[in-house]
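Those letters in the sequence shown? Residues 1 to 234, per this note's numbering, in order.
What the hints contain is simulated information worked out from the structure, not anything from laboratory work.
A hint or two may mislead.
The calculated lysine-lysine pairs, modelled on DSS-like cross-linking and capped at a C-alpha distance of 25 Å, are [stated by the list, open to error]:
hint, residue 1, residue 2
1, 151, 95
2, 232, 221
3, 231, 221
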Amino acid sequence: MKHPSKRNAGPRARMSAVIPRLAAALAMSALLAACTVQSEKSVKGWLVADPTARHPILVGSTPVTLDLAVPRGSYGLTRNQTYELRSFLRRYREKNEGPLIVGAPSGGANEIAVMHAMGQLRREFTSLGISRNEVQFDAYSGGGAGSAPIKVSYNSFAAQAPECGDWSDNLASDPKNIPYRNFGCATQRNLAAMVANPRDLVEPRGMTPRDSQRRDVLMGKYVKGETTIAKKAK
Numbered sequence: 001m002k003h004p005s006k007r008n009a010g011p012r013a014r015m016s017a018v019i020p021r022l023a024a025a026l027a028m029s030a031l032l033a034a035c036t037v038q039s040e041k042s043v044k045g046w047l048v049a050d051p052t053a054r055h056p057i058l059v060g061s062t063p064v065t066l067d068l069a070v071p072r073g074s075y076g077l078t079r080n081q082t083y084e085l086r087s088f089l090r091r092y093r094e095k096n097e098g099p100l101i102v103g104a105p106s107g108g109a110n111e112i113a114v115m116h117a118m119g120q121l122r123r124e125f126t127s128l129g130i131s132r133n134e135v136q137f138d139a140y141s142g143g144g145a146g147s148a149p150i151k152v153s154y155n156s157f158a159a160q161a162p163e164c165g166d167w168s169d170n171l172a173s174d175p176k177n178i179p180y181r182n183f184g185c186a187t188q189r190n191l192a193a194m195v196a197n198p199r200d201l202v203e204p205r206g207m208t209p210r211d212s213q214r215r216d217v218l219m220g221k222y223v224k225g226e227t228t229i230a231k232k233a234k
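The task is simple: from the sequences and hints, build the whole structure.
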């Protein structure tokens, strides 16, 4: 007995053989499409952002104030107040952040004592190289008080560190190979705590003047035809 060949099979038989293949192809396409959509989602937003963008350091300006009490009948600042003022002004010079504001009480019972103290302040400014253009003098009402303080202040930049500790991701299973939420946060937080001048995170510092003495030495050697490089220690 002869069996009918596949070539002689009817349309229904051929259709029955094609349907499973089509179903398998459609299922595979659906799986690939699902993977594609998931991959597209994983490359958006904070997932691929730089740690400095995911965990930014916020830099703001905050006032730093020194109150110098000047009692009625005194002849200016005390020795301790002078030391405190010098330390305050040195910190201001190191940061170099805008004008120095001096608020002096006016109309109070200690007005004469304030005048003596203001003379001391100006001498301290000069000794530390603070020019008049850097200082802004303001007057405020002493209100009849006998010891209204002289207020010396300036605005200082402060760095606010990001909050860390989001360990919601399962680091043991990461088939996508993308950064986890807390990645880079500790580095940013440590940088905010260690930076000497947060203003450096906003803009670069200006160039400092070159050393005139070193310049003269190099120019003299150049004219004589001598080497201008510094000798290295052995």
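Each hint, compared with the structure:
1. 151 to 95: holds, 19 Å
2. 232 to 221: Answer holds: residue 232 to residue 221 is near 17 Å, not above 25 Å.
3. 231 to 221: Holds - the C-alpha atoms of residue 221 and residue 231 are around 14 Å apart, at most 25 Å.
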